[in-house]
Every structure is written in structure tokens, then in C-alpha cells.
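Trainee: Throughout the sequence shown, residue numbering follows the working numbering, covering 129 to 288 in sequence.
Any given hint might turn out to be false.
Per label pair, the in silico range of CB-to-CB distance [as the list claims (entries may be wrong)]:
1. 267 - 206: 28 to 38 Å
2. 189 - 141: 11 to 21 Å
3. 185 - 149: 31 to 41 Å
4. 266 - 141: 15 to 25 Å
5. 247 - 173: 21 to 31 Å
6. 145 - 273: 39 to 49 Å
7. 270 - 145: 18 to 28 Å
8. 267 - 194: 35 to 45 Å
Below, a list of computed lysine to aspartate or glutamate pairs in the EDC-like style, where the Cα atoms sit at most 20 Å apart [unchecked claim]:
9. 247 - 163
10. 270 - 249
11. 261 - 218
12. 266 - 146
13. 266 - 237
14. 270 - 194
15. 230 - 194
16. 266 - 167
17. 191 - 249
18. 230 - 183
19. 270 - 149
20. 205 - 237
21. 141 - 156
22. 205 - 146
23. 247 - 167
24. 247 - 193
25. 261 - 194
26. 261 - 183
27. 191 - 149
28. 247 - 183
29. 267 - 237
30. 270 - 156
31. 266 - 149
32. 261 - 146
33. 261 - 167
In short, the hints are calculated from the structure, not lab data.
Ideal Cβ placement from N, Cα and C applies to all residues, glycine included.
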Amino acid sequence: MVTTNKAILAYLKELTPERRELVQAIREVMTANMDPRFEAGMQYGMPAWFLPHSDYPAGYHCKPEEPLPFASVASQKSHVGIYLFCLYFDPSHRERFVSEWKTTGCRLDMGKSCVRVKKLDQVPLDAIGRAIKRMTAKKFVKFYEASLSEGASKKRAKKL
């Protein structure tokens with residue numbers, strides 16, 4: 129469910145001061161570099177950016193009533209997770225992000241599209257900002273739809 133900016137502020141208020149500072153710094157750099165077609169709100173229980181149904185009526189394929197997720201940030205038990213769905217679909221975009229992060233000397237703890245961080249001084253905010261800026265809404269939809277086509281092709285191949 130998508131919610132309002134008030135819900136984001138309530139979410140931030142519940143965090144410890146250190147976590148709030150970290151999440152807020154990440155949110156600020158992401159917001160500053162975000163394609164204006166993406167909207168901010170709470171999605172899946174965390175501050176997020178997504179492509180609204182007005183721009184992408186089909187919504188998220190797993191849950192069409194939800195807008196298409198793009199990125200989010202959340203305080204977890206032992207870290208802050210930066211969920212960059214935009215890196216999941218484009219290997220070259222992901223590789224560039226990883227390279228830019230590593231050139232800063234900061235340790236990168238990353239899954240397929242989730243970066244786990246613990247302290248603000250260990251987060252190269254510029255690398256996050258550049259990754260967000262490079263992925264426009266139009267480009268993101270192109271990669272997203274291509275991944276859906278690939279998935280359907282793989283499922284058909286398995287059935288044969």
C-alpha cells in the first residue's frame with residue numbers, strides 16, 4: 129500500500145537518531161537525483177519511490193494494484209537497506225554502480241539489488257545519487273518490461 133509523506137515522517141520519527149540521520153541522508157540524495165516521474169511514499173512498509181499508475185497503469189506484475197517499485201530505503205535489525213530495484217534489471221548499470229562505490233574505498237555489502245550499510249561515513253552518497261540519476265523512468269520501464277519477457281520465455285522453455 130502506498131501512503132503519504134506524513135507516513136514517511138512518522139517512520140523516520142520512530143528510528144534512533146543515528147539511524148534517522150542515515151536514512152534521511154540517503155533519502156535526500158535519492159530524492160535530489162530522482163526522475164520527477166517517480167513519486168515518493170511508503171511502499172511495503174518503507175520509504176520508497178515508485179512509478180505511479182498514472183504513468184505505468186499495469187503496476188507491479190507481482191501485485192498489479194501496487195505502483196511499480198523503483199527504490200526504497202529501510203532501517204532493518206542490523207543495518208539500513210538501500211533497495212535499488214533499478215540495478216536489478218541492467219547488469220551494466222549495476223556494474224558501474226559497484227565500480228563507483230568501490231573506488232571510494234567504502235566497503236560494499238550488496239545482494240542483487242540491496243545494499244546494506246551501517247554508518248553514514250561508510251556510504252558514498254554521490255555514487256547512490258549518480259546511479260539514481262542515470263536511470264530515468266522511461267529507461268527503467270524498458271528494462272523492467274524486458275525482464276518480464278525474459279522470465280516468460282524461461283518459463284515456457286522449462287515446460288518444453
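Trainee: If a hint holds in the structure, say so; if it doesn't, say that too.
Mentor: Results of checking the hints against the structure:
With their beta carbons about 33 Å apart, residue 267 and residue 206 fall inside the hinted range of 28 to 38 Å. Range check, residue 189 to residue 141: Cβ separation about 33 Å, and the 11 to 21 Å hint is violated. Range check, residue 185 to residue 149: about 37 Å between beta-carbon atoms, so the 31 to 41 Å window is met. For the pair residue 266 and residue 141, the beta carbons lie near 35 Å from each other, so the given range of 15 to 25 Å is not met.
For the hinted restraint 21 to 31 Å between residue 247 and residue 173, the CB-CB distance of approximately 23 Å keeps it satisfied. Checked against the given bound of 39 to 49 Å, the beta carbons of residue 145 and residue 273, roughly 41 Å apart, stay inside it. Distance hint check for residue 270 and residue 145: the Cβ-Cβ separation is about 40 Å, which falls outside the suggested range of 18 to 28 Å. Checked against the given bound of 35 to 45 Å, the beta carbons of residue 267 and residue 194, roughly 21 Å apart, lie outside it.
A distance of roughly 27 Å separates the Cα atoms of residue 247 and residue 163; the hinted pair therefore is violated under the 20 Å criterion. This hinted pair does not check out: residue 270 and residue 249 have alpha carbons roughly 34 Å apart, beyond 20 Å. With a C-alpha separation of about 14 Å, the suggested pairing of residue 261 with residue 218 holds against the 20 Å cut-off. Of the supplied pair hints, the one linking residue 266 and residue 146 is violated, its CA atoms being roughly 35 Å apart against a limit of 20 Å.
Between residue 266 and residue 237, the direct Cα distance comes to roughly 28 Å. Violation of the 20 Å bound is thereby established for this hinted pair. Restraint check for residue 270 and residue 194: the C-alpha separation of about 18 Å stays at or below 20 Å, so the hint holds. Taken as a hint, the residue 230 and residue 194 pair is broken in the structure, with Cα atoms around 34 Å apart against an allowance of 20 Å. Taken as a hint, the residue 266 and residue 167 pair is honoured in the structure, with Cα atoms around 14 Å apart against an allowance of 20 Å.
Between residue 191 and residue 249 the CA atoms are separated by roughly 36 Å; this puts the pair beyond 20 Å, and the hint is violated. With a CA separation close to 34 Å, the supplied pair residue 230 and residue 183 exceeds the 20 Å bound. A hinted pair counts as satisfied when its Cα atoms are at most 20 Å apart, and residue 270 with residue 149 does not qualify at roughly 34 Å. Pair hint residue 205 plus residue 237 holds up; C-alpha atoms about 15 Å apart against a cutoff of 20 Å.
With a C-alpha separation of about 16 Å, the suggested pairing of residue 141 with residue 156 holds against the 20 Å cut-off. For the hint linking residue 205 to residue 146, the alpha-carbon distance of about 13 Å falls within 20 Å, and the restraint holds. Distance hint between residue 247 and residue 167 is unfulfilled; the C-alpha atoms sit about 26 Å from each other, more than 20 Å. Simply put, residue 247 and residue 193 have alpha-carbon atoms about 35 Å apart, too far for the 20 Å limit, and the pair is violated.
A C-alpha spacing of about 23 Å is found between residue 261 and residue 194, which places the hinted pair above 20 Å, so the restraint is violated. For the proposed pair residue 261 and residue 183, the alpha carbon gap of about 18 Å is at most 20 Å, so the pair holds. About 32 Å separates the Cα atoms of residue 191 and residue 149, which puts this hinted pair outside 20 Å; it is violated. For the proposed pair residue 247 and residue 183, the alpha carbon gap of about 35 Å is over 20 Å, so the pair is violated.
Only pairs whose Cα atoms come within 20 Å are accepted, and residue 267 paired with residue 237 is rejected, the gap being roughly 26 Å. At most 20 Å may separate the alpha-carbon atoms for a hinted pair to count; residue 270 and residue 156 exceed this at roughly 26 Å. Distance check on the hinted pair: residue 266 and residue 149 sit about 31 Å apart at the alpha-carbon level, beyond 20 Å; violated. Straight-line distance between C-alpha atoms of residue 261 and residue 146 comes to about 26 Å, which puts the hinted pair past the 20 Å bound.
Between residue 261 and residue 167 the CA atoms are separated by roughly 14 Å; this keeps the pair inside 20 Å, and the hint holds.
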